[in-house]
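A.B. asks: If you're matching them up, the sequences are chains A and B in order. For the first sequence, my numbering assigns the number 1447 to the initial residue and increments by one for each residue that follows. For the second sequence, my numbering assigns the number 698 to the initial residue and increments by one for each residue that follows.
FYI, nobody ran anything at the bench for these hints, they're computed from the structure. Idealized CB from N, CA, C, for every residue including glycine. Hints may contain errors.
Claimed, not checked - Here are the simulated distance ranges between beta carbons: (1) Ser1125/B - Thr1748/A: 51 to 57 Å; (2) Asp1123/B - Arg1655/A: 20 to 26 Å; (3) Arg1655/A - Asp710/B: 22 to 28 Å; (4) Leu1498/A - Asp1021/B: 50 to 56 Å; (5) Gln1072/B - Arg1655/A: 20 to 26 Å; (6) Ile1616/A - Ala759/B: 33 to 39 Å; (7) Ala1055/B - Leu1498/A: 42 to 48 Å; (8) Ile1616/A - Ser768/B: 26 to 32 Å; (9) Ile1526/A - Arg761/B: 55 to 61 Å.
Claimed, not checked - Rough simulated footprint, nothing fancy, chain A against chain B, three-plus residues with beta-carbon under 8 Å: (10) 848-859; (11) 1073-1082; (12) 1097-1106.
Claimed, not checked - Cut-off 30 Å, straight-line C-alpha distance, at most; resulting in silico cross-link-like pairs (DSBU-like, lysine-lysine): (13) Lys941/B - Lys739/B; (14) Lys941/B - Lys1230/B; (15) Lys817/B - Lys1603/A; (16) Lys739/B - Lys1166/B; (17) Lys1166/B - Lys1641/A; (18) Lys817/B - Lys739/B.
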Amino acid sequence: MPDHRNGFLPQGLRDRLVAAWLPRSLHPAAWWLWALGLAVAATRTTNPLLLLLIIAVASVVVMARRPDTPWARSFRIYLILGAVVVGFRVLFRVLFGGFGPTVLFTLPSIELPDVMAGIHLLGVVSAEALLAAFYDGLRLATMIICVGAANSLANPKRLLASVPPALYEIGTVLVVSVSVFPQLAESVVRVRRAKALRAGRRRGRKVLRGIIIPVLADALDRSLLLAAAMDSRGYGRRADVPERQRVLTSTLLTVGILGLCVGIYGTLDGTTPRYLGLPLVAGGVVVGAAGFLLAGRRVQRTRYRPDRWRVPELFVATCGVVAGTAVWVTSRVEPTIAHPSVYPISWPQITLLPLLGILVAALPAVLTPPPPGAAGTGSPELRHAAAPGPAVVDEHRPTAVTTR
Amino acid sequence: MIRFENVSVTYPDDVEPTLRTVDLTIEEGELALVVGRTGVGKSTLLGAINGLVPHFTGGTLAGRVSVDGRSTDRHPPRELAGVVGVVGQDPLAGFVTDTVEEELAYSMEQLGIAPQTMRKRVEETLDLLGIAALRGRTLRTLSGGQQQRVAIGSVLAAGSRVLVLDEPTSALDPTSAEEVLSTVLRLVHDLGVTAVIAEHRMERVVEYADRVVLLTGDGRVEIGAPADMMARTVVAPPVVGLAKLMGWQPLPLSVRSARRLAGPLRERLREVDPSSMGRAAPTADRLDRTPEEPRGTPDRTPSGLRATGIVVSYGRVIAVAGVDLRVAPGEVVALMGRNGSGKSSLLWALTGVGPRNAGRAEIDGVDTGGLGSAQARALVGLVPQTPGDLLYLDTVVAECGAADEESDQPPGSCAALLARLVPGIDPSAHPRDLSEGQRLSLVLAVQLTARPPVLLLDEPTRGLDYGAKHALARILAELAAAGRAVLVSTHDVEFVAGVAGRVVVMAEGEIVADGPAEDVIGSSPMFAPQVAKVLAPQRWLTVEQVQGGLAVADRDTEAARPVGGGDG
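Isolated chain B, as found in the complex (with noise of 0.2 Å):
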């Protein structure tokens, strides 16, 4: 169905060819899984299967790309558009029309579908995504899950037989998340239409891929079976990391597989206490060894973030409705929570800068409502959802110097602090050309050259591959570490599993379950990190934690039975 064939793909301005070479065949009613780092060119390739690029990106494609028998070079993608249907990563921003029923339509008007077959098929597509009830509904309203099945289904009404999908999930809750996932799947699986996904939460979809397209890294690929590419990727889920520390054999790729082969491994864990174990790969404590020179007057102790009672209301919308939260110093707490549920807002009113009708949020005694920017910036520093509004310079090093001089540092502090968090970052790279991932660091860095005691980050790993994912935890661990409150918001439960102590859950503006991580997203059926799952009763959320835990629990026998024997 789609062959790619000695495919070469460079961008104007690059010297290095971001595809090189690239052999690929999908056959029709395949599920294929693209897996890589941020920025090797999942979505160059994706790009290059409907002719986006070279067509409409830039750039030269040498060789050939065909789907369906039709060449990309002859076929620009609008030609293409009955074959191949293109799913972006935020739906709203490829919707053309208002409405679902218009949305349905709109790539078959482009078509030139014949009115009466249009209607029937906008009939057919609703009922098939399940959203006939939403025929009426404005997108913008729509929820992201519900959003992205419109997309989907706008490309299917117009008969494409290839679907792609560029990380269609990155923005949206769990919840929804899993609702477009089970879409894909069962129209993979019900109406045999080819797949082409790039997916950062593949522990969803890889179980179910005919085949694993690896991006390596220089431009290359390699395909093979998921089992036997999970087993030769650092980028796994970590069912597969849990597999390959036990050894399992095949590699289980699903939370049911792997739950059918741990039960010796929750036999030796059994005695040993989850809680006591470091649930993060061990850090090394770098921004301590450095330490800060105390802030503000000395006589006062650190006291972290106490909010009382906050209330944000936009009109008649109550988006946060009268939350009291703590989080102390050395913690890192997650907040978690439906899209909606009125987390951003919650985050935003703590700072001081966003609306807030009610309540009072306290950072070591002082209320951040009602102050100066400068003032508020020392107390308590947000990275917002889209890090890059923050950004505005043509150069890092000149952000860096324009957070000194708004911090009232000395000159090079930003710099410095940047050169910690991510190291080798070019000091005169424009921040827009940065990777997500240190972009993400640029603005930490420029909200974190005030030292505030209380850090608060909303959506940070968007958009953030497992290296960049790990990376961010333990900034954030060492952050705490050092005596900062750390309050993220998130949706990836893995990151919440690898990084926080407590997880506070919000839905419609109150929150609905505030405790240890263990007792939050380990016994919950939707947040529940993979690992709890295969572990389940016990209370393990991440690989690391296992992996302590069998080092405890090994010593424990040999020091029971020192002259060996069965485990019975």
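With the rest of the complex left out, here is chain A (with noise of 0.2 Å):
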């Protein structure tokens, strides 16, 4: 937080910064951009320093600048599934085989029969197979716990909140789904207790249908009475729209969000040609636009005290950018710095660049405002909230269960 009594500012601007580090919730889009800006810097570098120490930046910065919700406690579950997809591709490359000069270990292989010919399993493994499996599972595991910083950082309810009116109908089944999703793990505890009950069979399809059938069922009537309740509060109201409008806007939005989609799939894989790149995106950018503002004319509709977008989060999204930004440049510049060799292996090395770049995302750990509730600054209400009460007990939806 700036200094109250620091001169070097003026007195209105200093004013300003105070009151916007004052503790609240960032703009979950804030979060988010800084999350892809991580996402790229790792889709540009198979590097395991760069990686691992985009991970670690993403760590630090959820632990310190989480909010106390639930869904904020997923981190680690992205976490674990980070470990499981390096595992995994690892585990291929072992079961498919890996040639290189430095042999490890070798298993008995086995041919298939010839319509896979060609095809070994398992012989020979070497540390270039494997290490290169190791990299390219760490590139993707990466992206994910970046996704999963995001998710952690900021609420998907509020995101849901910040879809542009155009995209209501969407914006429903999203909220409905986003609402109704995490109670499915619930329903599925509370079926397979009360399964135990019955003492049916302990395998096969119909044990499944026996916990699908109810879970479902309930999901559905879930949904359903989400659905209505939004319904009867108002959800979706719009002003009346001549037909021809509606399917313009549709179109609109489509074709916009279509051309860019490709196009930042274009920017991303290097593989794919120029035009696929910048030009779509452009273009995309621009038809979306047009549809959006066409389309938010039909709703009206007002937002309590909006996530506003002030210097936080411009700062926010700004070190997410410059941490993609400088891996990008270092892949085109120093190409062995973000690729190091893995035939012959090397030991990978790590310049002043991507280094700094991705040590910029770490500063909104500090440099942010704290999030409301954090100890000593939220109000007692919220302090209260955060603290594990009684109140949290519900005793119709155990939490957890232990099979004898």
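Hey, can you piece these two chains together into the complex? The hints should help.
C.D. replies: Laid out in structure tokens, this is it:
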């Protein structure tokens, strides 16, 4: 937080900065931009040192700035998922054999029948192949963890509330699924426990059916209840729009989003033709924006205490972009740093540019407003809410089940 | 404010209309109570007010429904959001956001109300409903009563002048229910809000209602003043039952007015001991007449349930803190307590299926923990809170067949049990199409097929109307008479008064009271049934008990004074 007695800044600007740094939750889009920047950095390198650095930076920021809410606790799951991805990548390489000069060990090879000629299972396993698989898996894991970081830092529901009015119908589906999906796990626990009362068969399709049918029925009921509640509370009210304008709007939006998707893919994937890259992104943005503008007129709604885009948001987003750009430039200028050689194996090197670039992305851990309810900063009510107490116990929805 | 003109509603696949030529007017500022048995169309009537029927549910609506001059055929529910506010049974199912403040603002955001107005209205609503201290809390961590108040607040904040409440307290414990109903009453009285409420606990609302809408069961409605309607319906609170028994006029609707009329009655009952009277209607012990073959080794005598030192904890949260409990064969014990006091956790721990950190739960000398499902099933049957979780097959008869197979019983055992519990269920019906009461009976039959000596029920009265509750009470009494130990957790004090011999009250995972029902609920300000409140300090709990008591009192009087004479 900026110092109150700092005399370098003009009074007005200083006051605004102090206000902007009061404890609050940042605009969800800022965290997503930051995380996407890190993810782009990850796509551009297989250097394990850089990738581990990105994971470390993401973890530090999540630990420092995640709010005390259920979805914020999901970060651990993404870390585990990342580890699983790396493990599988390496395992598959062992399974399908990896040739290379440095043979680590040789497993009995299995020749597949002629139909799949040329494919061996197991066999020689080399250090080079394993290392390449490890690098590749780590890159994917890093991208997953970056998404997980964004998910933990920004409330997905608030992000949905920021969805432009034009995407209202999709918004309904998303809100219902985001709300109902976490409850699925709860239903599964409840139904499995209830099944234990009936002593049916332990294995086989019947058991699965016994769990899936009540769970799905439950989820369907909940979804309908929620959709009905949203409807009776005014969700999706619209001013009258002529049919032609509605068709035009949805066409513009669909084309815009498609263009954007293909364009982003083209930009990120180095092997696609150039014209599929930036030009398509720009085109998609223009068409989509026209659609949004046209559609925005349809829906009239307002936001209660909107997440405003202020200096800290800009700062967070910039940090992510800097990290992404730094690694991207590195991959162009110093390809051996971004992609350390595995044939022959060489110790990965790091230079100043990607190192500093990625470290910049760690700054939001300190230089952003703390989340509301953090120790000593939130209102008493919020702190009370953060403290786990008996109020959290819901005897109808036990969270733990032991099978005896 | 609300007008139904010649309204009929027919759902697809139904031959008979659910509502038939309903004409109804509810004026501004009125509190209308909708009563009727389960499944007669209360929810349809309430849903039609804001257009959810038929816009959302499907079906056809003939006639015209209008609210504040706006017809629902031209205005779908979302267009009526600022006029009609709907509050359902399960507030959590209808919450769109995560925190109290955001939830209060949600409807206003959709209506496009200016941000400054929104801020002000949220603050006002927080104060109006007394939930300002909860403003930043996550909705899931609130108690049921608090959640329901947030749900009411969120529709009020949007400016709705009509509140439609569909059984808002059916999932709540008595204290939370009281909290919610008194909030609604205050809004009606202080703000002139028009409210239409369907409520099983009508004893709390009926005295304040301006009008009672009675659904007769054939799709028609009758509308009238509460006292007139209560005199005609069988679906009436106990205080009305007592008044009918005594022939009190005008019909008292509240404990207060009944108590002022009850002086002579208390005088007549003074010499009679309430505990000698049966509290429920006399049962035809049908289950007794088909004796069950004894199960297990013959030298083992039934001992009922004997639990010692049960501890259940979820992480750092302790749900059950060292509970000792005995339920003898032939006994019906009610387990009461707030939501979250550990009742469900205790029941699940007793079955051996749910988690249990310490303690033993012995039935006939065998600990239920560590047994296989088939063995545990033969010792103890649990009907869980959402009975539907146990059902997964397409037809009733298939479920019964599966139950026979699971319990090693001859085919047809479960179906025979079900036929004895509730005759007349279509065997080819889908379990999800059954009424609440029928589904509960099916699960009860499935669980009883294994002939367990101990039966546990978790909140079985949820969603049951007076008739279904009476039927359940009868079934439980019969099961106890046949030598089973029955433990039933419930919030329904009137049900407890009718069925339970002993009441156990839990709080914070511990047992805080354990004793005869007269002592435990008769003397409690929160749990006392209406009859007990009317006749305090005498310990009468139900109308049937008073009826028996009066018979004894009259006999004694005649014996003492054969020549007759005044009561003085």
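A.B. asks: For each hint, tell me whether it holds in the structure or not.
C.D. replies: We went through each hint and held it up to the structure:
The given range of 51 to 57 Å is respected by Ser1125/B and Thr1748/A, whose C-beta atoms sit roughly 53 Å from each other. Our hint of 20 to 26 Å for Asp1123/B and Arg1655/A holds, since their Cβ atoms are close to 23 Å apart. Checking the proposed 22 to 28 Å range against Arg1655/A and Asp710/B shows it holds: the Cβ atoms sit about 25 Å from each other. For the hinted restraint 50 to 56 Å between Leu1498/A and Asp1021/B, the CB-CB distance of approximately 55 Å keeps it satisfied.
A C-beta distance of roughly 24 Å is found between Gln1072/B and Arg1655/A, which places it inside the suggested range of 20 to 26 Å. Range check, Ile1616/A to Ala759/B: Cβ separation about 35 Å, and the 33 to 39 Å hint holds. A hinted range of 42 to 48 Å for the beta carbons of Ala1055/B and Leu1498/A is consistent with their spacing of about 44 Å. At roughly 30 Å, the beta-carbon separation of Ile1616/A and Ser768/B lies within the given 26 to 32 Å, and the hint holds.
Range check, Ile1526/A to Arg761/B: Cβ separation about 58 Å, and the 55 to 61 Å hint holds. Check result for the segment 848-859 of chain B against chain A: holds, 3 residues qualifying (beta carbon to beta carbon below 8 Å, three or more required). Coverage of the segment 1073-1082 of chain B by chain A holds [criterion: at least 3 residues with CB-CB distance below 8 Å; count 6]. With 4 residues bearing a CB less than 8 Å from a CB of chain A, the segment 1097-1106 of chain B meets the requirement of three and the coverage assertion stands.
The straight-line distance between the Cα atoms of Lys941/B and Lys739/B is roughly 26 Å, inside the 30 Å bound, and the hint therefore holds. For the hint pairing Lys941/B with Lys1230/B, the CA-to-CA distance comes to about 17 Å; that is within 30 Å, so the pair holds. Straight-line distance between C-alpha atoms of Lys817/B and Lys1603/A comes to about 23 Å, which keeps the hinted pair within the 30 Å bound. Of the pairs offered as hints, the one joining Lys739/B and Lys1166/B holds, with about 18 Å between alpha carbons and a cut-off of 30 Å not exceeded.
For the suggested pair Lys1166/B and Lys1641/A, the alpha carbons sit about 26 Å apart, so the restraint of at most 30 Å is met. A C-alpha spacing of about 36 Å is found between Lys817/B and Lys739/B, which places the hinted pair above 30 Å, so the restraint is violated.
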